[in-house]
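> All chains, full assembly: derive it from the sequences and hints.
These protein sequence lines map, in sequence, to chains A and B.
If you want this note's numbering, it's the position in the first sequence, counting the first as 1, plus 2.
If you want this note's numbering, it's the position in the second sequence, counting the first as 1, plus 2.
None of these hints come from the bench; they were simulated from the model.
These numbers were taken from a predicted model, which means no experiment stands behind them.
One or more of the hints may lead you astray.
[Unchecked claim] SDA-like mimics (lysine to any residue), calculated; alpha carbons at most 25 angstroms apart, straight line:
| no. | chain 1 | residue 1 | chain 2 | residue 2 |
| --- | --- | --- | --- | --- |
| 1 | A | K215 | B | P252 |
| 2 | B | K188 | A | P259 |
| 3 | B | K215 | A | D201 |
| 4 | A | K21 | B | Q207 |
| 5 | A | K188 | B | Q263 |
| 6 | A | K215 | B | V197 |
| 7 | B | K189 | A | P259 |
| 8 | A | K189 | B | G275 |
| 9 | B | K215 | A | A198 |
| 10 | B | K133 | B | T89 |
| 11 | A | K186 | B | E267 |
| 12 | A | K189 | B | A230 |
| 13 | B | K215 | B | P174 |
| 14 | B | K215 | A | T202 |
| 15 | B | K189 | A | E267 |
| 16 | A | K215 | B | T202 |
| 17 | A | K189 | B | L276 |
| 18 | B | K186 | A | D273 |
| 19 | B | K215 | A | V197 |
| 20 | B | K188 | A | A270 |
| 21 | B | K215 | A | Q207 |
| 22 | A | K189 | B | D273 |
| 23 | A | K302 | B | A258 |
| 24 | B | K188 | A | G275 |
Spelled out from the first residue to the last, the chains are:
There are 2 protein chains.
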Amino acid sequence: MASIARAHPNIALVKYWGKADDDLIIPVAGSMSMTLDKFATTTTVELTTGLDSFELNGTLADAKATQRTTVFLDLVRRLAADAGLETATASANVTSVNEGPTAAGMASSASGFAALAVAAADAYGLKLSTKDLSRLARRGSGSASRSLIDRFAVWHAGTSDETSFAEAIDAPEMAMVSVTVDAKAKKVSSREGMVATRDTSPYYQAWIDVTHKTLDEMIAACADDDFARVGQITETHAHRMHAVIQATEPPIRYLAPVSWQVFDEVAAMRDDGLEAYATADAGPNVVIICRPDDATAVAKRVAGFGAIETFAPGPGAHLLDAA
Amino acid sequence: MASIARAHPNIALVKYWGKADDDLIIPVAGSMSMTLDKFATTTTVELTTGLDSFELNGTLADAKATQRTTVFLDLVRRLAADAGLETATASANVTSVNEGPTAAGMASSASGFAALAVAAADAYGLKLSTKDLSRLARRGSGSASRSLIDRFAVWHAGTSDETSFAEAIDAPEMAMVSVTVDAKAKKVSSREGMVATRDTSPYYQAWIDVTHKTLDEMIAACADDDFARVGQITETHAHRMHAVIQATEPPIRYLAPVSWQVFDEVAAMRDDGLEAYATADAGPNVVIICRPDDATAVAKRVAGFGAIETFAPGPGAHLLDAA
Numbered sequence: 003m004a005s006i007a008r009a010h011p012n013i014a015l016v017k018y019w020g021k022a023d024d025d026l027i028i029p030v031a032g033s034m035s036m037t038l039d040k041f042a043t044t045t046t047v048e049l050t051t052g053l054d055s056f057e058l059n060g061t062l063a064d065a066k067a068t069q070r071t072t073v074f075l076d077l078v079r080r081l082a083a084d085a086g087l088e089t090a091t092a093s094a095n096v097t098s099v100n101e102g103p104t105a106a107g108m109a110s111s112a113s114g115f116a117a118l119a120v121a122a123a124d125a126y127g128l129k130l131s132t133k134d135l136s137r138l139a140r141r142g143s144g145s146a147s148r149s150l151i152d153r154f155a156v157w158h159a160g161t162s163d164e165t166s167f168a169e170a171i172d173a174p175e176m177a178m179v180s181v182t183v184d185a186k187a188k189k190v191s192s193r194e195g196m197v198a199t200r201d202t203s204p205y206y207q208a209w210i211d212v213t214h215k216t217l218d219e220m221i222a223a224c225a226d227d228d229f230a231r232v233g234q235i236t237e238t239h240a241h242r243m244h245a246v247i248q249a250t251e252p253p254i255r256y257l258a259p260v261s262w263q264v265f266d267e268v269a270a271m272r273d274d275g276l277e278a279y280a281t282a283d284a285g286p287n288v289v290i291i292c293r294p295d296d297a298t299a300v301a302k303r304v305a306g307f308g309a310i311e312t313f314a315p316g317p318g319a320h321l322l323d324a325a
Numbered sequence: 003m004a005s006i007a008r009a010h011p012n013i014a015l016v017k018y019w020g021k022a023d024d025d026l027i028i029p030v031a032g033s034m035s036m037t038l039d040k041f042a043t044t045t046t047v048e049l050t051t052g053l054d055s056f057e058l059n060g061t062l063a064d065a066k067a068t069q070r071t072t073v074f075l076d077l078v079r080r081l082a083a084d085a086g087l088e089t090a091t092a093s094a095n096v097t098s099v100n101e102g103p104t105a106a107g108m109a110s111s112a113s114g115f116a117a118l119a120v121a122a123a124d125a126y127g128l129k130l131s132t133k134d135l136s137r138l139a140r141r142g143s144g145s146a147s148r149s150l151i152d153r154f155a156v157w158h159a160g161t162s163d164e165t166s167f168a169e170a171i172d173a174p175e176m177a178m179v180s181v182t183v184d185a186k187a188k189k190v191s192s193r194e195g196m197v198a199t200r201d202t203s204p205y206y207q208a209w210i211d212v213t214h215k216t217l218d219e220m221i222a223a224c225a226d227d228d229f230a231r232v233g234q235i236t237e238t239h240a241h242r243m244h245a246v247i248q249a250t251e252p253p254i255r256y257l258a259p260v261s262w263q264v265f266d267e268v269a270a271m272r273d274d275g276l277e278a279y280a281t282a283d284a285g286p287n288v289v290i291i292c293r294p295d296d297a298t299a300v301a302k303r304v305a306g307f308g309a310i311e312t313f314a315p316g317p318g319a320h321l322l323d324a325a
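Structure follows, in structure tokens:
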């Protein structure tokens, strides 16, 4: 019998950039995100004998992606062994479908590993709490820990495998408008970019310190239901993330000139009384947060810069009834 | 009898951003620049009685600019008094002509105060060394200290009025190509931007620390006559300056989207074997350094982005024969 799970990407308002532990994927600081209501990944895990297999969007995945899946399944099998389950020795056929545009930087590794964590845990017979599923998903891709969570998530950095997990937080009502200015895969992966930042950016320690502070401020702004403050923190923090990255030697720039045009347009919206704030992950695409009622107006203002999608807060990773 | 002096703007390869002493204009770290061979300021100082007057480009300057000139002349008069000169009580008529495009961000305050320092010192009868003229010019505008110097200058940060001055350094043969993408005056002055950076950028201390290190590396690269290394240091350092500024709250961005297009084009030149490196002061305009023989090719590559000028290393501030 197959286990099927569904998870959505998330976009961070307080970003994750830098690992304190590369193997366990413990971040240098906590982060906060909104889980999206679109671009789900649906993943089926069926136990089998023989070798693990991984099919992505109807095609057998390449060796690298298959290897990454097997490494993740090994974690699940270890948990199964610890729980004394017979499944611990089983292989798995993993079938995954991304509804999002491939490689468009819409955090497909977050939804992918969140869905895989939930489906694999179920398939191997593990009974894991949301917290423990978040910890497990984290091992596949750090930000996957947050896609476990409904709507808004805080990923506590923690200092160990036990203490590094995401949980829900209330936040002001908001929508996100994404502007995909470039759908090509980025030149420098996040993994490589994080290493270069740690090794050569003179601002790295200050980035870690300020991100801790920023997360505290974000949690306070959320507790106050203060949309404007949440937006200001988000936009300033995004600038700081791109600044710490840009200070590497040689410089790494994830934002393209057109990305900055979108930031400029968002500032112009605010000048016009349309309250919106911009952020961007490690890539050229920009995500704008605004009040839900303003999403259409915001989308219209940036339609010329790229492909537009509008998001509401979405559900955390969850099991579907098996077919 | 009038004293006439001529000085040129300079473009920093290691930037000055941040004051350790606002009154004395002692910078937080040293810097290094090339004095340009164009866009001179020619300044005439004639002693008079009555009030100081300041005429800029044929028009009587506004109250603010006149006040800034008088404050500077007061420094000169104090030096004259210390030297026991009768001129110490005289006022001055100052007439200044900028050959550069007005407010196009071509460092006209550097050439302006360098020319004023030299002309005023002469008019008041002071016999100052280049070092002391550099110290004096610094009080009008920090980067003016470097325009005293022929070709290439290092401004030693120092810790006092005595120890903060520029002097000559040998550097590899190079040309500069400036791309004026926007000739409008910038929204946030350097003075305001420096204060905001100090007060709100979490990377400020790291910027100071790395700039000290960068200047040491630049001096070493110059001693080795290593053009490529000088270029790499220049471009990385420019990214770091804009990064420390961009990390302010709210973020300040001096570079425009089109500025980043020029940076991208310079990276593309290098991919094509045309060795060039980009930098930018606190404004949207970009300056490219290259080997003198490549200046025409570089200028051609960026002609579409704005008004282009090509510069060789120019002379330091100097007296002209009185008319």
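> All hints, please: hold or fail.
Okay, the hints, checked on the actual structure:
1. At most 25 angstroms may separate the alpha-carbon atoms for a hinted pair to count; K215/A and P252/B meet this at roughly 16 angstroms.
2. About 19 angstroms separates the Cα atoms of K188/B and P259/A, which keeps this hinted pair within 25 angstroms; it holds.
3. Pair hint K215/B plus D201/A holds up; C-alpha atoms about 16 angstroms apart against a cutoff of 25 angstroms.
4. For the hint pairing K21/A with Q207/B, the CA-to-CA distance comes to about 23 angstroms; that is within 25 angstroms, so the pair holds.
5. At roughly 17 angstroms between alpha-carbon atoms, K188/A and Q263/B fall within 25 angstroms of each other, so this suggested pair holds.
6. With a C-alpha separation of about 22 angstroms, the suggested pairing of K215/A with V197/B holds against the 25 angstroms cut-off.
7. For the given pair, K189/B sits about 20 angstroms from P259/A by alpha-carbon distance, which is consistent with the 25 angstroms threshold.
8. For the hint pairing K189/A with G275/B, the CA-to-CA distance comes to about 20 angstroms; that is within 25 angstroms, so the pair holds.
9. Restraint check for K215/B and A198/A: the C-alpha separation of about 19 angstroms stays at or below 25 angstroms, so the hint holds.
10. With a C-alpha separation of about 22 angstroms, the suggested pair K133/B and T89/B falls inside the 25 angstroms cut-off, and the hint holds.
11. Annotation: proposed proximity of K186/A to E267/B holds, straight-line Cα distance about 19 angstroms (limit 25 angstroms).
12. Pair hint K189/A plus A230/B holds up; C-alpha atoms about 24 angstroms apart against a cutoff of 25 angstroms.
13. Taking the CA atoms of K215/B and P174/B, the gap is near 20 angstroms; set against the 25 angstroms cutoff, the hint holds.
14. Under the criterion of a C-alpha separation no larger than 25 angstroms, the hint pairing K215/B with T202/A is consistent with the structure, at around 13 angstroms.
15. Of the supplied pair hints, the one linking K189/B and E267/A holds, its CA atoms being roughly 16 angstroms apart against a limit of 25 angstroms.
16. Only pairs whose Cα atoms come within 25 angstroms are accepted, and K215/A paired with T202/B is accepted, the gap being roughly 13 angstroms.
17. A hinted pair counts as satisfied when its Cα atoms are at most 25 angstroms apart, and K189/A with L276/B qualifies at roughly 21 angstroms.
18. Straight-line distance between C-alpha atoms of K186/B and D273/A comes to about 20 angstroms, which keeps the hinted pair within the 25 angstroms bound.
19. Distance hint between K215/B and V197/A is fulfilled; the C-alpha atoms sit about 22 angstroms from each other, no more than 25 angstroms.
20. Pair hint K188/B plus A270/A holds up; C-alpha atoms about 16 angstroms apart against a cutoff of 25 angstroms.
21. Simply put, K215/B and Q207/A have alpha-carbon atoms about 17 angstroms apart, close enough for the 25 angstroms limit, and the pair holds.
22. Pair hint K189/A plus D273/B holds up; C-alpha atoms about 15 angstroms apart against a cutoff of 25 angstroms.
23. For the proposed pair K302/A and A258/B, the alpha carbon gap of about 22 angstroms is at most 25 angstroms, so the pair holds.
24. With a C-alpha separation of about 23 angstroms, the suggested pair K188/B and G275/A falls inside the 25 angstroms cut-off, and the hint holds.
Checked against the numbered hints above, the structure violates none of them.
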